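> Letter by letter, the chains look like this.
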Amino acid sequence: MGGTEEYRHTVEGVMDQEHVFAEENLPAFALGALEEEESARVREHLKSCPQCQATYHSYERVATALAYAAPLYDPPPYLRNVIRALIVSQSTQPSAPFEERGKMWKSLGQMSRFLLVITILLAFGLTGWNLTLHQRLSAMQDEMVSAQEMGEVLMDYMKNPDAYDSYIISGRASSPSPRALVVRDRTHERFLLVLEDLPTDVGPAYFIWLVDATGRHIPVKKVRCNGDGRAVLMFESPMPMEMIRGIRVTPVGREDASPILDGHFPQDQGYPGLLASNAL
Amino acid sequence: MPMQDLSDVELLRRVAKGDQEALLTLYDKYGRLVYSLAYRMLQDHQLAEEVTQDVFTRVWQAARSFDPKRSSFTTWLTSITRNRTIDILRRRRVRGLTGAGEAELNTAITRADERFIPEHHLEALAVREALEQLPPAQREVLELAYFQGMTQREIAEYLNIPLGTVKTRMRLGMMKLRDLLESKPSPDGKKKRRGENEASGKVTEREGA
Ligand SMILES: [Zn+2]
Numbered sequence: 001m002g003g004t005e006e007y008r009h010t011v012e013g014v015m016d017q018e019h020v021f022a023e024e025n026l027p028a029f030a031l032g033a034l035e036e037e038e039s040a041r042v043r044e045h046l047k048s049c050p051q052c053q054a055t056y057h058s059y060e061r062v063a064t065a066l067a068y069a070a071p072l073y074d075p076p077p078y079l080r081n082v083i084r085a086l087i088v089s090q091s092t093q094p095s096a097p098f099e100e101r102g103k104m105w106k107s108l109g110q111m112s113r114f115l116l117v118i119t120i121l122l123a124f125g126l127t128g129w130n131l132t133l134h135q136r137l138s139a140m141q142d143e144m145v146s147a148q149e150m151g152e153v154l155m156d157y158m159k160n161p162d163a164y165d166s167y168i169i170s171g172r173a174s175s176p177s178p179r180a181l182v183v184r185d186r187t188h189e190r191f192l193l194v195l196e197d198l199p200t201d202v203g204p205a206y207f208i209w210l211v212d213a214t215g216r217h218i219p220v221k222k223v224r225c226n227g228d229g230r231a232v233l234m235f236e237s238p239m240p241m242e243m244i245r246g247i248r249v250t251p252v253g254r255e256d257a258s259p260i261l262d263g264h265f266p267q268d269q270g271y272p273g274l275l276a277s278n279a280l
Numbered sequence: 001m002p003m004q005d006l007s008d009v010e011l012l013r014r015v016a017k018g019d020q021e022a023l024l025t026l027y028d029k030y031g032r033l034v035y036s037l038a039y040r041m042l043q044d045h046q047l048a049e050e051v052t053q054d055v056f057t058r059v060w061q062a063a064r065s066f067d068p069k070r071s072s073f074t075t076w077l078t079s080i081t082r083n084r085t086i087d088i089l090r091r092r093r094v095r096g097l098t099g100a101g102e103a104e105l106n107t108a109i110t111r112a113d114e115r116f117i118p119e120h121h122l123e124a125l126a127v128r129e130a131l132e133q134l135p136p137a138q139r140e141v142l143e144l145a146y147f148q149g150m151t152q153r154e155i156a157e158y159l160n161i162p163l164g165t166v167k168t169r170m171r172l173g174m175m176k177l178r179d180l181l182e183s184k185p186s187p188d189g190k191k192k193r194r195g196e197n198e199a200s201g202k203v204t205e206r207e208g209a
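Residue numbers (my numbering), protein chains in the order written: chain A, 1 to 280; chain B, 1 to 209.
Simulated from the structure, these hints should not be mistaken for lab results.
Predicted model, so just to flag it, every value in this text is computed and none were measured.
Keep in mind that the hints are not guaranteed to be accurate.
Unchecked claim - Looking from chain B toward chain A, a few residues come up when the C-beta cut is under 7 Å (computed): (1) Ser36; (2) Gln53; (3) Arg128; (4) Gln152; (5) Met174; (6) Leu177.
No residue lacks a Cβ here, since even glycine has one placed at the ideal position from N, Cα and C.
Starting from the given sequences, assemble the full structure and let the hints guide the process.
Rendered as structure tokens:
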């Protein structure tokens, strides 16, 4: 940085030095390629220098244009449904900042959260599953977001029990044998799914499909299970709920293989607590 | 007015009010860009899918904090995508892995037919054409920074060349790219404007400076 020597001891000199530094580094700054302390220095200078701000924006546009240099690929078609389901499940507080979501939830305290989860499990008659309460609790600890969603469903369930149906689908008689609790929320046209004992040897990811009246399989969501073969998810129904006749779960990458879970809702719909047929 | 004819800023304003259709319209418009950028950076379709999910839920949650006076929507969107992806790349580098092998969980992926996506196509053509005109050494440092999320220092180590050389190449590459793209309209239709008092001729390559 030549030519700044004589100004070193004056305020203008420091300003000038910072300006020269920023100007030199703005292209790299726009690419996010500076080290943290260099970035901080540029960022600080940008606050007070309109000239550098204008230059920065011109490089920012170049950086944005670079995104278009990536070869274009189509995302898989089900991704749109997944995103729709995710935003629907967050719709109680749209656009709230990350930190604010679930504030009320946090204030209930850790224990209450677990209590709610246990209650929801009790409410849905899941305690007969061969997991100890302790195991179940530690499994839940990794799933706070899902636990929160489940809590929301529970609260709604308590207010409005007639709007929900719950079913259990069990898989083949091998060990461990996968199970699914399916809760249909007819008011919000959404499903809550608790999957347990999914085989972890076929890979951690599973597709959830809905089966419509014509027997068509509609992919709705991809989930990963944890190391214990457990996954909890919620999704919005992509079509009017009465058109959905069943749910199936297949390992990702092996969609053609037989599903590990495949259940059909009983035809006299709307009656809670029925055991779904087991196709396997 | 049909949803897809609304401007990005208007769509985002609706997203901030909780309009799910507006978010899905933005996804229809830019989902492919986000997914392709994430895939270009991660070389893994499954992770690219997860990033795309995260990015659009982030847009849903943070739409209110977007300030159209500070940047365009595409700038905001691509920087969310890059930040999220760079996190994954850094973690991967810490674990000592280079370039992700395509997971065997990979699902059927269709290469987008670029003839049917005129706006992206134009932008893509312009930037690829411009990149072609850069000296390969300059293009290389830009690509390592942008698509691999490497800092100048990391690039110097990776290419085993002096840091000063990386800095010079990056600066010159960005200036040249800006000059080349300036005459073309930006993705959101705004005309690009050159920062004042800038003489791109005054910097010459000083190897190892
Ligand atoms: Zn300045």
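> Work down the list of hints and note, for each, if the structure agrees.
A quick look at each hint next to the structure:
1. Ser36: 5 Å, holds
2. Gln53: Since the shortest Cβ distance to chain A is 6 Å, the answer is holds.
3. Arg128: 6 Å, holds
4. Gln152: 5 Å, holds
5. Met174: Where the cut-off is 7 Å and the nearest Cβ of chain A is about 3 Å from methionine 174/B, the hint holds.
6. Leu177: 5 Å, holds
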